[in-house]
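Undergrad: Chains B and H, in that order, give the protein sequences. Numbering of the first sequence is given in the working numbering, commencing with residue 1 and proceeding in unit increments. Numbering of the second sequence is given in the working numbering, commencing with residue 1 and proceeding in unit increments.
To be clear, the hints were calculated from the coordinates, so they are not data collected in a lab. All C-beta atoms in this analysis are idealised placements derived from N, C-alpha and C, irrespective of residue type, glycine included. Just to be clear, a hint being listed does not mean it is correct.
Unchecked claim - Chain H regions said to be covered by chain B (calculated; three or more residues, Cβ under 8 Å):
1. 32-43
2. 50-56
3. 70-80
4. 100-109
5. 130-137
6. 146-155
7. 188-197
Said to hold, decoys possible - Calculated cross-link-like contacts (lysine-lysine; reagent style BS3-like; alpha-carbon spacing at most 30 Å):
8. H:K203 with B:K84
9. B:K87 with H:K198
10. H:K198 with B:K204
11. B:K89 with H:K89
There are 2 protein chains.
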Amino acid sequence: MTKPLILVTNDDGITAPGIEALVSIAKTIGEVIVVAPDSPQSGMGHAITVNAPLRLNRGNYFPDIVNYSCSGTPVDCVKIGINKILKKKPDLVVSGINHGSNAATNVIYSGTMSAAVEGAIENIPSIGFSLLDHSFDADFKSSKTFIKAIILKALKNDFPHYTCLNVNIPKLIEKEIKGIKICRQATAFWDNDFDERKDPLGKKYYWLTGQFGGHDGGSDTDLSALEKGYISVVPTQFDMTAHHAIGELNRWNFNQ
Amino acid sequence: MTKPLILVTNDDGITAPGIEALVSIAKTIGEVIVVAPDSPQSGMGHAITVNAPLRLNRGNYFPDIVNYSCSGTPVDCVKIGINKILKKKPDLVVSGINHGSNAATNVIYSGTMSAAVEGAIENIPSIGFSLLDHSFDADFKSSKTFIKAIILKALKNDFPHYTCLNVNIPKLIEKEIKGIKICRQATAFWDNDFDERKDPLGKKYYWLTGQFGGHDGGSDTDLSALEKGYISVVPTQFDMTAHHAIGELNRWNFNQ
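Isolated chain B, as found in the complex (with noise of 0.2 Å):
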């Protein structure tokens, strides 16, 4: 069998300690090349880049790894990698490893899993990663046995059409993770606040801030499993229609 072609992308920038973990996983496993924002695109959810032109440039983070860093967000990382580097689809795309949670509705904000959404829009069989641990120097050897095992069933299984998995790993030494569990996403919301600072002409402004809280309670989604110790995995679509919604509306007769 041929290797796989692994692309690698991330939303923390081509220089993150993360990436790096992953393409280290990733390059056991296949062919791997590298495209990743050349700056920390975090929050930046789907956006791609409409409205300006968008630089890439061949770098050598890794020595051994063709990579190039991109201007743009993930999104256009993984539009820009298949369309103008790889000039086909890979066989998996991989984003990650993410400094800090994707778990819960956090999932909607991240560059990391909009990369793989993207990978799943053009049904290539695709993951993010993310560790709970916010911190550049966040310990990522812990989850490499398991990021390597969930891989490899990605590529042994028949993957899910117009899918991509969401995988959450918790902040604990290898042996304490307990396995990984099948998850849905969470209900949970960030309390969002902004601090109102002045500038140095005495000019307002705004910084985002916030606490993540308010989980479903449920025993079946990603913040339970993260909270007993299990890396938590949910497949994610992009088809957001809310189809229990669809009678309900009906029964509205806009019509009349």
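For chain B, the structure is supplied; the task is to place chain H on it using the hints.
TA: Coordinates of chain H only, in the frame set by chain B:
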């Protein structure tokens, strides 16, 4: 009954004709406040600004309406509008009218719809409106009667929890519009390409382009309704779990 409080935003920016049209409708229904981006934010998806401060400026774009322009994304506008300006939840969030379609998979790239989805995350009845005409001079008048009717229905009925509406309007004169259809999001995609150009110094840059296509053939989709001359209404949620894939993934036996 007191007048409903309506927060209006968009992604084309506070000076776009589309938001002017939406404000002119909303102010016949309720108390209106505008918090919209100070520059075009098309394709920003659910991006939020976490690595930079935000500026908020009281504007005079709408002489009889309190209005602010914000340096952030459409989602930032909703967050800062609720937290810093209103200091309470409005009765309704409306976003648009977008210059261009947000039907099918476009919903995930759309700043207009992401603002509505952010309203849904706050469990506020929220609606994104888009007209299938990209031009600055798009005819927003023809859809005013329908938009007003949809807003009134949304205020009168029990709005489905944690849901927003994705409303797309065909480029037709009013009497040619056949009515309103509740739909699901079509599975249809961009066939992307990148224009490759050279800057004045001879260095390459890329510009995202593409063709939209690959309609899924269903007669219950937004694209199908629009093609037939109907306004499409898709109830839209932020639970991205591919619930149908959970069983299949459990059979991958991750823990063996």
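Undergrad: Which numbered hints turn out to be false for this structure?
TA: Hint check: 5, 10 and 11 fail, others pass.
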